[in-house]
Structures are given as structure tokens and as C-alpha cells.
Amino acid sequence: MRDWFFTLPPRDQLALIILGAVVIVFASYRWALLPASESRQQMALNNATAVQTLARVDQKVSRLLALRQTEGSQQSRNLSSTLSAVAQNTGLTIKRLQPNSRGEVQVRFESVEFDALLQWLQTVEGSEGLRIVDASLSDGGRSGGVNATLRVRGD
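Going left to right, the sequence shown walks through residues 1270 to 1424 as the working numbering numbers them.
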């Protein structure tokens, strides 16, 4: 191939060198630079979409946090009033009703009838749809009487 090239006149040699250079430039553009450019444009489009999505997510997170702050205290009050109303309807007296930071309410009963406490528990979990997270029962000092400390969560 080399011998053939050198047998050509200098003008044809120059034309072949220029043609070869053009083919190499075209091939590198077509198979290397053009796909890289298209990939770069696609990545830029994906990044712009991700930025828009992130902005929407940030906005929704801010709204959610604001709602949680306003609903957290309201939920504790509603939970407390619901527990008090159920206790009053079942004839129980609550000794202590204390909301906590996790959205739960701690309820303390002293010397209450066990059957009445079971009825209160059934109403709280069954009818009201609340959840007893933790319960502690002890002897109330009289026949059929118990002391109870319960943590209730409103799911």
C-alpha cells in the first residue's frame, strides 16, 4: 500500500492525505463526539427535570412539616378529649391524662373496676379506632379494683 501511495503524483498524494484527514474527522465526529453531545443534552434535560422534582418535593415537605406541627397539638387535644369522654361514658375517673411529644397520651386510672376498665379499652380500641401502645396494671387494693397506666395513640 505504501509503495502504491508513493508512485502517485504529489498532487494525488496531497488529495488522498486531505481526504483521509476529512474521513477521520468525520468518523470521530459521527461516532464519538455526536453521541457524547446527545448524551450531554439528555443529561442536562434529566438534571433540569430532577431540579424541578426536588423543588416540588421540598415544597411538599415544608407543607407536611407545617401541617404536622399544627395537627400535632390539635390531635393531642382531640385524643385527650376523646379519652375523657369515653371514660366518663363508662363511669371511670381518670387520675392523670398527659400528652407526650410523640402524639401519644398517657392515661392513669386508680382503683377502678377491672370490668369497667375492660369496657373502656374495648371502646377505645374498637369503637374509637385508637391504639393502646403500652399498658401496665397492678392491684388496686380492693376486690376487683386495679390501677392502670396506659399509653394511647391515635392512628
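Note that these hints are calculated values from the structure, not bench results.
Just to be clear, a hint being listed does not mean it is correct.
[What the hints assert, rightly or not] Simulated DEER-style distance windows between Cβ atoms:
hint, residue 1, residue 2, range
1, R1411, Q1388, 39 to 49 Å
2, E1307, L1285, 58 to 68 Å
3, V1320, L1285, 44 to 54 Å
4, N1315, Q1388, 25 to 35 Å
5, K1364, T1322, 18 to 28 Å
6, N1315, R1365, 26 to 36 Å
7, Q1391, R1365, 15 to 25 Å
8, D1403, R1337, 18 to 28 Å
9, Q1375, S1412, 48 to 58 Å
10, L1285, M1312, 19 to 29 Å
11, F1383, A1319, 16 to 26 Å
Positions of the beta carbon are idealized from the N, C-alpha and C atoms, including for glycine.
Okay, the hints, checked on the actual structure:
Restraint check, R1411 to Q1388: a C-beta distance of roughly 18 Å breaks the suggested window 39 to 49 Å. Between E1307 and L1285 the Cβ separation comes to about 32 Å, which falls outside the hinted range of 58 to 68 Å. Distance hint check: the CB atoms of V1320 and L1285 are about 51 Å apart, consistent with the given range 44 to 54 Å. Checked against the hint of 25 to 35 Å, the C-beta distance between N1315 and Q1388 comes to roughly 60 Å, which is inconsistent with it.
A beta carbon spacing of about 51 Å between K1364 and T1322 contradicts the range 18 to 28 Å that was offered as a hint. Between N1315 and R1365 the C-beta distance comes to about 56 Å, which lies outside the given range of 26 to 36 Å. Between Q1391 and R1365, the C-beta spacing of about 22 Å keeps the proposed range 15 to 25 Å intact. For the pair D1403 and R1337, the supplied restraint of 18 to 28 Å holds, since their beta-carbon distance comes to about 23 Å.
The beta-carbon spacing between Q1375 and S1412, approximately 27 Å, falls outside the hinted interval of 48 to 58 Å. Range check, L1285 to M1312: about 39 Å between beta-carbon atoms, so the 19 to 29 Å window is missed. Taken as a hint, the range 16 to 26 Å is violated for the pair F1383 and A1319, whose Cβ atoms sit roughly 59 Å apart.
Violation of the numbered hints given earlier is confined to hints 1, 2, 4, 5, 6, 9, 10 and 11; the remaining hints are satisfied by the structure.
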